[in-house]
Every structure is written in structure tokens, then in C-alpha cells.
Amino acid sequence: MSSDRTRALKRDDAWAWIFIGPLMAGVAVFYFWPLLSTFYNSFTEFGAFGGTQWTGLENYRTLLTDGEVPRAVLNTLIYTAVVMLGIPLSVYLASLLNRPGLRFAWFYRVMFFMPIVAMPAAIAMVWRMIYNSDFGMLNYLLSLIGIDGPYWIASPGWALAAVSIVGLWASLGFSIIILSGGLRGIPPELYEAASLDGAAPMRQFFSVTVPLLTPSIFFLTIITAINGFQLFDLLYALMGPTNPAMSRTQSLVYLFYEQAFGQNDKGYASAIAMLILAIIGLITVVQFRLQKKWVNYA
Amino acid sequence: MPDTAVASATTGRARTRALQGGTRRRGSRGPRNIDAYLVLTLGGLIMIFPFVWQLIMSLSTQAEVTSVPPTLVPEAVQWRNYVDVFDLLPFAASQFTVSALVTVMRVVVQMILCAMAGYAFARMQFRGRGIIFALLLSILMVPSQIYLIPQYSIIQNMGLLNTVLGIAMPGLFSAFGTFLLRQHFSSMPDSLEEAARLDGANQWQIFWKVMLPLSGPALASVAILTTIASWNDLLWPLVVSTYEESMPLAVGLATLQGQHMTNYPVMMAASLLAMAPILILFLVLQRRVVEGLAHSGMKG
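Quick mapping for you: the protein sequence lines, in order, are chains B and P.
The numbering used here runs 6 ahead of the 1-based position in the first sequence.
The numbering used here runs 71 ahead of the 1-based position in the second sequence.
Each hint should be verified, as a subset may be incorrect.
Below are the SDA-like pairs computed for lysine to any residue, each with C-alpha atoms no more than 25 angstroms apart in a straight line [claimed, not checked]:
| # | chain 1 | residue 1 | chain 2 | residue 2 |
| --- | --- | --- | --- | --- |
| 1 | P | Lys280 | B | Leu148 |
| 2 | P | Lys280 | B | Asp19 |
| 3 | B | Lys299 | B | Pro193 |
| 4 | B | Lys299 | B | Gly287 |
| 5 | P | Lys280 | B | Ile24 |
If you're looking for bench data, these hints aren't it; they were derived computationally from the structure.
With the sequences and hints as input, model every part of the structure.
Written as C-alpha cells, this is what we have:
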């Protein structure tokens with residue numbers, strides 16, 4: 007007898023709740039309730055001595071008029087865009103790493119994947135040294151080719167670029183991992199057929215590899231956009247909260263953090279959190295719409 | 072290169088290899104992959120440069136670290152910097168302990184709760200299963216900042232600010248871990264369960280004595296991902312820990328920036344020590360970590 011039928015005959019309601027109960031209780035308290043709570047809080051103002059007061063759409067009105075918001079949205083978008091530039095690069099690198107007969111592949115993987123697991127707060131300290139305007143390696147290398155390097159992290163104009171480069175560096179390995187999964191799913195016969203038709207390696211890359219990889223690339227653009235929009239750790243650790251350039255460089259999540267725990271304006275911060283949710287939702291919807299135009303589900 | 076595509080694909084050896092290994096373009100190995108070796112070596116060196124540079128600086132003197140042009144090889148290796156970490160950062164040891172305790176607590180509790188729930192979602196019939204599971208997964212689609220302020224209030228009201236339990240708390244309950252383990256339990260054969268049932272085992276015994284012992288790799292994936300995420304986590308512990316002695320390492324390091332610490336070699340040593348457990352874990356369990364990370368794509 008098929009076990010599905012066996013199980014259908016006998017419901018496990020009591021046992022099931024013993025099994026999922028502990029997890030669901032925690033999830034209800036620490037996730038479901040907070041979600042509703044933040045939504046509610048976004049219409050209130052937190053009093054100095056506890057308690058909240060209903061203020062209707064006031065926080066959302068502030069959101070629209072606060073000059074820091076568009077700036078933070080723009081910063082976050084720029085950061086996300088730069089990190090996205092890593093995707094084409096990682097398509098190329100993943101195709102190299104998955105070449106048949108490539109030796110020392112594990113060695114290359116270690117090098118490319120190490121940044122993914124490195125603690126952002128710790129690795130940021132090294133990058134601060136590399137970016138240092140007095141004795142940093144980067145400006146030294148730039149000086150060799152006659153360029154007078156900027157102050158990087160201390161200057162409002164360059165700090166975002168500096169953070170984005172580290173973000174790109176830190177996320178490249180993850181992209182390669184996702185794409186490697188996709189590459190392994192491409193049937194080898196296709197390359198053989200392409201070879202027989204006389205397609206050169208370059209042509210094979212663009213006519214076989216890239217089109218068949220589009221589902222993985224699509225998945226990656228969504229994940230990268232979502233992660234990019236949640237920029238906080240690297241920004242905080244690289245720049246430090248007291249950096250004067252921070253107000254010009256802050257991300258949306260940093261603004262949220264600053265309002266909630268710096269300014270202690272938790273009602274307004276909740277509205278910012280709702281904005282982050284809305285933007286991420288919007289980006290995901292748009293990407294799913296555009297998907298039909300370029301993703302190839304063979 | 073004239074000898075490539077057509078020629079190699081028509082030779083028997085290349086053809087066999089193509090069928091076995093997923094060959095593309097030229098047949099195989101050796102000098103023909105020279106472009107791959109060149110690009111990967113150059114790219115790889117750029118990727119690990121920050122780690123190598125960190126190690127070099129951590130073994131140099133302050134004068135060498137701040138010299139122009141940079142000193143690539145320190146004159147004498149300064150092991151002392153690693154000892155000085157504990158003088159200069161008096162809380163380093165206790166922060167290390169906090170990080171370790173939080174991580175262990177999250178891994179252990181998550182594995183138990185996620186395995187139990189994942190098992191039920193995969194292998195039990197109960198009212199509301201589909202809806203409850205969908206609700207659980209919806210957590211993953213929402214950015215974590217949405218939960219942060221109420222989570223903070225709850226921890227504050229429970230009197231758990233600046234405690235290991237408070238830092239670990241929301242992370243004890245993982246929708247993602249449950250999802251991974253549900254996938255795993257769904258793929259296990261029904262015959263195992265039926266045999267145990269015939270032997271008179273109840274649901275708990277089937278789960279605990281039959282299914283769980285066969286779940287090592289899946290549990291390891293969850294444990295590895297949780298360890299990395301927990302060790303590196305910044306925003307949540309930053310919010311709930313304010314005393315230097317009760318912070319995890321990530322927060323301790325991040326807040327150093329604000330204090331105008333300028334003993335660079337010691338800072339490099341400290342940050343390398345902070346990353347070391349995870350880097351070692353990665354080097355030792357490379358394949359498994361990569362597998363786990365490939366799953367973690369789901370985690371938004």
C-alpha cells in the first residue's frame with residue numbers, strides 16, 4: 007500500500023503540533039508579531055518614557071519630505087548597481103572555474119570563496135588600511151601610474167565607491183557558486199554539437215553558455231538586489247558611525263538604524279522599514295516582469 | 072587557434088571525455104586551458120590580497136605599516152602583536168567567548184527545532200500544514216529590518232539586553248533551516264518509516280531513532296550556515312549589546328573604529344583572530360561549506 011494513503015488515513019495532528027509547536031511559538035513571538043507591530047508602529051510616535059501615540063500618516067509624510075531619504079535610496083541604488091556589475095564578471099569566472107580538465111580547481115575556489123565567509127566587521131579593518139590616504143596600498147599603486155588618489159573613506163564623493171568595491175569583492179564568490187550550479191546543468195552534448203557546427207569557443211560561450219545560464223543569472227540578480235538593498239554591515243564597519251562623510255553616504259538600512267537607535271525615533275524608523283520592504287518588493291516584481299524578455303527556460 | 076573546435080571534437084578521446092565530464096570547446100587539459108589559469112590566478116590573487124596583506128601587517132611594526140612605499144616583508148616577524156591584542160583590547164577574550172556561546176546556542180537549538188518542524192512538515196499529515204508552512208516561508212521574503220525594533224523591545228522587556236541569550240534569541244528560530252531540513256526529510260524513503268511503524272515505534276521514536284541518525288549531512292549544512300551567519304552577524308548584536316564585555320566580536324571590532332585606535336598592527340592581528348575560526352572551518356570543510364552556501368541563495 008502506498009504510504010501516502012496510509013498517512014492520509016491517519017492524521018497526525020497531535021504529534022505534528024508537538025513537533026512544530028516549539029518552532030512556531032518562537033516564530034510567532036519573534037517574527038509574526040514584530041511584522042504586525044512594525045506596520046502598526048509606522049503610524050505612531052514613540053514617547054520618551056515608553057508608550058506610543060497614534061499619529062496617522064505623519065511618519066509617511068516625513069518620509070516624503072525628509073531630504074535624507076532620497077539621498078539614502080540613491081546611495082543604496084548605486085551600491086546595488088555596482089555590486090550587480092559583478093554578475094557578468096562572475097559568469098566569465100564561473101565558466102573558467104568549471105572548465106573540464108582544469109587542475110587546482112579547489113585551490114582557485116578557496117581564493118575566490120574566502121571573502122564570502124569573512125566577517126565584514128573584521129575585513130573592513132583591512133580595507134580601511136588599503137584605502138588609507140596617507141600610507142594605503144591603493145593610493146600607492148595609483149601613484150605609480152601618476153594618479154593622486156582621493157581620501158576614499160573620508161571623502162563624501164568617494165566613500166560610496168570605496169564601500170561598493172568592497173561589496174563587489176565580498177559577493178563575487180557567492181555569484182560564482184550559484185552560477186556553477188547552473189553550469190553543471192548544461193548538457194555537454196550541446197557543446198559538442200556547437201563544436202561540430204564549427205562554433206569557436208567565444209561563440210559557444212555566448213550562444214550556449216550564457217543563454218542556458220539565464221535562469222541562474224536571473225535568480226542571482228534578484229538575490230543580489232535584495233542583499234544590496236540591505237547594505238549595512240560593510241558600510242558601518244568600513245566608515246564608522248562618527249565619520250563625517252556618513253550622512254552623504256548612508257544606505258537606507260543605515261538611516262533606519264540611525265533613526266531607530268541613534269535618534270530614538272522608532273515610529274519614523276518603522277516607516278523607513280516599511281519603505282525598504284516596499285522597494286525590495288517592487289524590485290522583485292519588476293524583475294519577474296522583465297524575466298520573460300531575457301530568461302531562457304529550455 | 073586553428074586546431075581547436077572541429078578537430079578536437081571529432082577525435083574519439085575528446086568525444087568520450089565530452090560525454091563524461093561536460094566538456095566544452097576544446098577537448099581538455101594542459102596548455103590549452105592556459106587562458107583560464109592566467110585569469111584565475113590573477114583574479115584569485117586579487118581576491119585573497121586583503122587576507123595576505125592583513126597577515127603581513129599583523130606581523131609588522133607600526134613604522135612598517137605606515138611607511139610609504141608599503142613594506143611588503145617585515146624586517147623581523149612581530150609575533151608580539153598577537154599577544155598585545157589582549158592588552159590593548161581588554162575585552163577581546165570575553166567578546167570571543169560571547170561570540171562562541173551565541174553561536175553554539177544558535178546551532179544546537181536551531182538544529183533541534185528545525186529538524187523537528189522540518190520533519191513534521193515533510194512527513195506528517197495535519198490540518199493547516201500548507202498554510203502554516205507558507206506563512207513560515209514568508210518570513211524569508213521580508214527584509215530583517217522589519218522585525219528589528221519589536222524584537223528589540225521584546226528582548227528589552229524580558230530583561231535580556233547584554234546577555235548571551237538575548238543576542239542569540241531571535242536567531243534560535245529559523246525558517247530557512249526548517250525549509251532545508253524539510254527538503255531533506257521529504258527525500259527520505261517511505262519504507263524506512265513503515266518498517267519502524269511495523270515494529271511498533273511511535274512518531275517520536277521514528278524521528279529520533281530512525282530518521283535523525285540518517286540526517287548528518289543535512290544537519291551539517293544547517294549547522295555550518297548558522298555558524299557563519301551567527302559569527303559574522305552585526306546589526307542585531309549591535310542593537311542589543313552596549314557593554315564592551317558582553318558584545319560579540321563583530322560588534323567589538325566595528326565599534327573600535329569610532330575610538331581612534333591607531334595601533335594598526337595590533338588591530339590587524341585582532342581582526343585576523345576574530346575571523347580565524349570561520350576561515351579555518353571553511354578551509355577544513357571547504358566542499359561542505361560551498362554546498363551549504365549554494366543552498367543559502369534562498370535566504371533573502
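Structure-based check of each hint:
A hinted pair counts as satisfied when its Cα atoms are at most 25 angstroms apart, and P/Lys280 with B/Leu148 does not qualify at roughly 62 angstroms. Taking the CA atoms of P/Lys280 and B/Asp19, the gap is near 21 angstroms; set against the 25 angstroms cutoff, the hint holds. With a C-alpha separation of about 23 angstroms, the suggested pair B/Lys299 and B/Pro193 falls inside the 25 angstroms cut-off, and the hint holds. Taken as a hint, the B/Lys299 and B/Gly287 pair is honoured in the structure, with Cα atoms around 20 angstroms apart against an allowance of 25 angstroms.
With a CA separation close to 17 angstroms, the supplied pair P/Lys280 and B/Ile24 stays within the 25 angstroms bound.
Hint check: a violation occurs at hint 1 only; the rest are consistent with the structure.
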